[in-house]
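Visitor: These are the residues of each chain, in order.
Protein chains: 2
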Amino acid sequence: MKVRILVRLKPGVLDPQGRAVHHALEGMGFAGVEDVRVGRMIDLDVADGTSDEALDDMCRKLLANMVIENYEIQKLSETEAA
Amino acid sequence: MKVRILVRLKPGVLDPQGRAVHHALEGMGFAGVEDVRVGRMIDLDVADGTSDEALDDMCRKLLANMVIENYEIQKLSETEAA
Chain P
95 MKVRILVRLK PGVLDPQGRA VHHALEGMGF AGVEDVRVGR MIDLDVADGT
145 SDEALDDMCR KLLANMVIEN YEIQKLSETE AA
Chain G
95 MKVRILVRLK PGVLDPQGRA VHHALEGMGF AGVEDVRVGR MIDLDVADGT
145 SDEALDDMCR KLLANMVIEN YEIQKLSETE AA
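Protein chains in written order, with the working numbering: chain P, 95 to 176; chain G, 95 to 176.
You can trust all of the hints, since none of them are fake.
Put simply, identical chains are the same to the list, so a pair is met inside one copy or across any two.
Cut-off 20 Å, straight-line C-alpha distance, at most; resulting in silico cross-link-like pairs (DMTMM-like, lysine to aspartate or glutamate):
#	residue 1	residue 2
1	104	166
2	96	142
3	96	166
4	96	129
5	96	146
6	96	120
7	104	163
These are calculated hints, taken from the structure and not from any lab test.
Note that this is a predicted model, so its numbers are computed, not measured.
Kindly generate the complete structure, drawing on both the sequences and the hints.
Guide: As structure tokens, then:
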């Protein structure tokens, strides 16, 4: 089973990496960029029987820093996972 | 307009970060994890008229390293972007 975890900074948390990317895009002449936030994507290939609780647990204990980050779990169909 | 860029390593490219996460998950007792790949998610808030070509250009020139990475552009509806 393919699972995608998206980890992003909570709203209001300063994102220096996003700001750097924003600044770089403007410097390269791309107009109209209003905001940039950078996060992580973690693609897991797990056994089919893996429970939602186990996935939640992985996120809370290792993949996301719950103090400053949120996570979102997406189960991918076979076509999306390609 | 909210746009999400997903940047991932091309298949076959060694992913030490993914391997470290995989190893850590196993060490924490999570069974059934077969593979882990770590990538980046970049959420852009761009002007509504921004063309697909401009977005492609941003990815190729700055956001992804085309030698070892692929990117995927997703346009988010307002609900998804929340």
